[in-house]
Amino acid sequence: MRSSYDKVSNIEEMMASLETLIKNSGQKNIENEYYYLNHRHKELYLALRSYFAEAEHNPQVDAAAYITAIPEIYEAVDVFECIHPLDWISNDGRLSDAFKSLTPHIQYIALAAAEASKIKFNTPPALSLGMDYWNIDQLKMFWQYTIIRRKNAM
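Residue numbers (our numbering): 1 to 154.
The hints are simulated quantities; they were obtained by calculation from the structure and are not laboratory data.
For clarity, every value in this text was computed on a predicted model and none was experimentally measured.
Among the hints, a few may not be true.
What the hints assert, rightly or not - Just the calculated beta-carbon pair ranges, DEER-fashion:
#, residue 1, residue 2, range
1, Ser50, Asn135, 25 to 31 Å
2, Ala53, Ser101, 23 to 29 Å
3, Pro125, Asp92, 20 to 26 Å
4, Asn32, Ser90, 29 to 35 Å
Ideal Cβ placement from N, Cα and C applies to all residues, glycine included.
Work the whole structure out from these sequences, hints included.
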């Protein structure tokens, strides 16, 4: 079993890495340093950043594009019908069929991003659900979302 010191040390290293990404977010081609689920996620994200041109200057739109580029989400959504990268989550104030077709863990990521964008539903807080159920890859995607979202903070 790992010692508490090792765990704390690993967490501190991870937080330092996240802080560095936030501080360097204005750096040219910083997207190459982001965490992606796989290569397709990166390709989709870069394509969506181009499609949603506001992502270049608006971290909220940029971060939403990162979430929508998750391959499972992208394959379920017609992004070309969206004005904002998270518009697909709701349909007439209710959770959309595309949203409902996603696996629960990916739903939690999308809902947490929507909640951060002030899109509210009559559901339990997605962040608390995610914290209980996300695996390490899903946590990393959400952390990366927060880094993109906060990139102008420092």
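Here is what the structure says about each hint:
1. Ser50 / Asn135: 25 to 31 Å: Since Ser50 and Asn135 have Cβ atoms about 30 Å apart, the given range 25 to 31 Å holds.
2. Ala53 / Ser101: 23 to 29 Å: holds, 28 Å
3. Pro125 / Asp92: 20 to 26 Å: holds, 22 Å
4. Asn32 / Ser90: 29 to 35 Å: The hint (29 to 35 Å, Cβ to Cβ) holds, given that Asn32 and Ser90 are roughly 32 Å apart.
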